[in-house]
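Q: Model the placement of chain B on the given structure of chain A, informed by the hints.
Listed here are the chains, written in short residue letters.
Protein chains: 2
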Amino acid sequence: MAEKKKVEQITSMDVDFAQWYTDVVRKAELTDYTSVKGCMVIKPYGYAIWELIQRQLDDRFKEAGVENVYLPMFIPESLLQKEKDHVEGFAPEVAWVTKGGLSELPEKICVRPTSETLFCDFYSKEVESYRDLPKVYNQWCSVVRWEKETRPFLRSREFLWQEGHTVHATAEDAEARTVQMLNIYADFCEEVLAMPVIKGRKTEKEKFAGAEATYTIEALMHDGKGLQSGTSHNFGDGFAKAFGIQYQDKDNKLQYVHQTSWGVSTRLIGGIIMVHGDDNGLVLPPKVAPVQVMLVPIQQAKEGVLDKTNELLAELKKDFRVKADTTDKSPGYKFAEQEMRGIPLRVEIGPRDIAAGQAVICRRDNGEKETVAFTELSKRIAELLDDIQKSLYEKAKAHRDANTRVAKNWDEFTDIINNKQGFIKAMWCGDQDCEIDIKEETGATTRCMPFEQENLGDVCVHCGKPAKKMVYFGRAY
Amino acid sequence: MAEKKKVEQITSMDVDFAQWYTDVVRKAELTDYTSVKGCMVIKPYGYAIWELIQRQLDDRFKEAGVENVYLPMFIPESLLQKEKDHVEGFAPEVAWVTKGGLSELPEKICVRPTSETLFCDFYSKEVESYRDLPKVYNQWCSVVRWEKETRPFLRSREFLWQEGHTVHATAEDAEARTVQMLNIYADFCEEVLAMPVIKGRKTEKEKFAGAEATYTIEALMHDGKGLQSGTSHNFGDGFAKAFGIQYQDKDNKLQYVHQTSWGVSTRLIGGIIMVHGDDNGLVLPPKVAPVQVMLVPIQQAKEGVLDKTNELLAELKKDFRVKADTTDKSPGYKFAEQEMRGIPLRVEIGPRDIAAGQAVICRRDNGEKETVAFTELSKRIAELLDDIQKSLYEKAKAHRDANTRVAKNWDEFTDIINNKQGFIKAMWCGDQDCEIDIKEETGATTRCMPFEQENLGDVCVHCGKPAKKMVYFGRAY
Chain A
1 MAEKKKVEQI
11 TSMDVDFAQW
21 YTDVVRKAEL
31 TDYTSVKGCM
41 VIKPYGYAIW
51 ELIQRQLDDR
61 FKEAGVENVY
71 LPMFIPESLL
81 QKEKDHVEGF
91 APEVAWVTKG
101 GLSELPEKIC
111 VRPTSETLFC
121 DFYSKEVESY
131 RDLPKVYNQW
141 CSVVRWEKET
151 RPFLRSREFL
161 WQEGHTVHAT
171 AEDAEARTVQ
181 MLNIYADFCE
191 EVLAMPVIKG
201 RKTEKEKFAG
211 AEATYTIEAL
221 MHDGKGLQSG
231 TSHNFGDGFA
241 KAFGIQYQDK
251 DNKLQYVHQT
261 SWGVSTRLIG
271 GIIMVHGDDN
281 GLVLPPKVAP
291 VQVMLVPIQQ
301 AKEGVLDKTN
311 ELLAELKKDF
321 RVKADTTDKS
331 PGYKFAEQEM
341 RGIPLRVEIG
351 PRDIAAGQAV
361 ICRRDNGEKE
371 TVAFTELSKR
381 IAELLDDIQK
391 SLYEKAKAHR
401 DANTRVAKNW
411 DEFTDIINNK
421 QGFIKAMWCG
431 DQDCEIDIKE
441 ETGATTRCMP
451 FEQENLGDVC
461 VHCGKPAKKM
471 VYFGRAY
Chain B
1 MAEKKKVEQI
11 TSMDVDFAQW
21 YTDVVRKAEL
31 TDYTSVKGCM
41 VIKPYGYAIW
51 ELIQRQLDDR
61 FKEAGVENVY
71 LPMFIPESLL
81 QKEKDHVEGF
91 APEVAWVTKG
101 GLSELPEKIC
111 VRPTSETLFC
121 DFYSKEVESY
131 RDLPKVYNQW
141 CSVVRWEKET
151 RPFLRSREFL
161 WQEGHTVHAT
171 AEDAEARTVQ
181 MLNIYADFCE
191 EVLAMPVIKG
201 RKTEKEKFAG
211 AEATYTIEAL
221 MHDGKGLQSG
231 TSHNFGDGFA
241 KAFGIQYQDK
251 DNKLQYVHQT
261 SWGVSTRLIG
271 GIIMVHGDDN
281 GLVLPPKVAP
291 VQVMLVPIQQ
301 AKEGVLDKTN
311 ELLAELKKDF
321 RVKADTTDKS
331 PGYKFAEQEM
341 RGIPLRVEIG
351 PRDIAAGQAV
361 ICRRDNGEKE
371 TVAFTELSKR
381 IAELLDDIQK
391 SLYEKAKAHR
401 DANTRVAKNW
411 DEFTDIINNK
421 QGFIKAMWCG
431 DQDCEIDIKE
441 ETGATTRCMP
451 FEQENLGDVC
461 VHCGKPAKKM
471 VYFGRAY
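Order-wise, the sequence lines are chains A and B.
Sequential numbering from 1 applies to the first sequence in my numbering.
Sequential numbering from 1 applies to the second sequence in my numbering.
Keep in mind that the hints were calculated from the coordinates and are not lab data.
A couple of the hints might just be wrong.
In this list, chains with the same sequence are indistinguishable; a pair is considered to hold if it fits within one copy or across any two.
Stated by the list, open to error - Below are the DSBU-like pairs computed for lysine-lysine, each with C-alpha atoms no more than 35 Å apart in a straight line:
| no. | residue 1 | residue 2 |
| --- | --- | --- |
| 1 | Lys420 | Lys99 |
| 2 | Lys37 | Lys125 |
| 3 | Lys329 | Lys62 |
| 4 | Lys465 | Lys253 |
Pulled out of the complex, with its shape left as it was, chain A reads as follows (with noise of 0.2 Å):
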């Protein structure tokens, strides 16, 4: 019975992508559902994913002198409130506790969205020198969002992330604090997750609530649609006079601290499935792959074979995250299940092939298949998955440039967003008004304005006003 549910066929992506989406998620049995309206669990495999991420990108953290910490999941009412346009655009979507143990609290307290309130507070009492600076330090924890509308990863009421938080003595460590770590991002997301960004800032309308500039970097989907992966912000020291951070630099004189925060979260996970799944199923970069080979034996009950399957399961072991299938399943079965998984290699180890000391490669990505000798079997492998890693970034990067479009004029833009979707490039005002106006003709949002800037022309794609930036615009995730 099982069995049966996990081959079924899936929704193809080209037929509703909403729905291949979803039954991608459960059939790989990266999430289930709960009784917690809202929050899904993270199954084993789902939660692999997330940790081959966290320890990546957590090294790549620490390589550039971040520093883990935990502060509390709670935030007093009166803290959350101490920054005017952080509150305004948090407080709409927190829970509330109200009652501890048995009685009611004298003062309610909020389950964290994001943490700059707390961190603030802690900055506080911490700084006093400028020998004190700069802070740089990171938690891994989870933060929670009363969402409406929820799905698996890209939107759940609560969701696993990272959040920096920085202080630094000048405008200028804090900027350059800001673009390191968005570029840190772009790195990760490009060399582990296969997956090309834009980096770019984003327009005053869709920058964090409290902060001075929020940079960003944008992926485009299978289906066209765009999804923020990772955003950097610079607070300038706006926080710091509302919390009262200072220091005393080397005159002795008080001066503010400049802050910065930066994020990314489960929804990495989200991007991977859009941007490399088919309508097989999941495919995963061998990087973030929790089984980068699945070995199944073929005639399983002939003799000899599932020896020659473990003794290559023990060997391989030394080098890749390989597993072997040894269950009684059919090949067939053995096969769809490792292509829902998005594993990137499979070896066949049949008697004949035995007797012939190889075994046959079949790459997930795009199914070719050869023949290697049992002695070449690991050296192969490493090749394999080192060129898997980056055919899926080419073919994602040939998708995203394929699907990513100039418009000159409100008639191409129009024209794109309803019958090609993908990215638009296109010159713009730089008047939130224009933006709110794109956004209700069109759904399109402008995903940023990126950093390397081109000049498409010299009036806004819309209103025909004279035009200050290029910006990439998409409807998005």
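A: Coordinates of chain B only, in the frame set by chain A:
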């Protein structure tokens, strides 16, 4: 200014152990207070210890077939109430969320104090057949218990931990897993934290709310109080019946699963502090020391001293967690700081020693110094770290053994508990009223009924009725 604070004298542990503990936690920069009552900040140095605990314990879990998952932090009231004993145990100390965003919730939800109910709800949908069993899942997360009195690491309203939850086909499998995880905890405490523990079973009074049996590891702190350091629970099929977790066995009959759960928390850091610390501050076992070796240049303004320090740093980094203190603080200050933070080894590098091709190594645990040639440094550091790890365990074990006493009668019992503290081994009738009387009269609780039973006599140390079990008693955190 910041300099002075750190080297201030801390309270002597013999004068006021509780104050000594608070001083060490603060001055070694492990935690700090927050504006959130009863919750702590875990600062970088404290969190780095937790990361080392996590990483090494998680490796042992994975070897034992444990898979990590993540379940929601919220439990609807109706779910918490499904198992009668469990809700009675936890309802009085949970935090209740009653409002999400701007509206009242239709049903209040609590922040998880522990996740048995969530895992049961999950398993009731997940498990169908004997083929699905066992499931051996764990999560690393934070939990909330609305405590009145709090102390860093030992008792706080929110704390970090791991909680494993498993389901099995048979009672035997569940019992075996319960004991297996207790053994993993015990080995981890002894081999990694250098903290000897007594393994045993909790009495009915002290067992976990809803469990059939609770096993525990109990450690003795420097002040003679016990610390429950980890627990492993066998639930039998009680929760399974309350939540309807059934599977179809090989004969197609519906059977209830048998369950376990087990956890350790940041409390272990409190244990490390109170087992190994001394009047100069923290003493860390090398395996959980974020910095194992601190290089301290002497007369660092002299030519070649900083160069040599940096050269050694680069070399030693390959094998150890090592840092160099090249700030402009005095060597004496640097020594005191390294000692306060419990860094196992200090290497002093001065001009005269450099000329002689050698450095001075000083051990944190016993203050012994030795001169070592640069060419032998790495080898000697490895030996010394190994020796410190073993010595700390031996010292802690000698302390525990010296402070574990047999009480044959009630006079001996009260004499020990009032004048000597430590663990008391005594015979007990098994009657809960007698156990309550002992606690009320002396403040001592049953720590556990050790697996290694001894026959110390035929009658209960308190009431004189026939004895059933040898028990460890003690006052405890």
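Q: All hints are to be evaluated individually against the structure, with a verdict given for each.
A: Hint by hint, here is what the structure shows:
1. Lys420 <-> Lys99: So lysine 420 and lysine 99 fail the 35 Å test inside a copy (51 Å) and across (42 Å) alike.
2. Lys37 <-> Lys125: Answer is between; shortest inter-copy Cα gap is 16 Å, intra-copy 38 Å.
3. Lys329 <-> Lys62: Cα proximity of lysine 329 and lysine 62: across copies only (25 Å, versus 44 Å in one copy).
4. Lys465 <-> Lys253: neither (46 Å within a copy, 75 Å between copies)
The structure does not agree with the numbered hints 1 and 4 stated previously, though it agrees with the rest.
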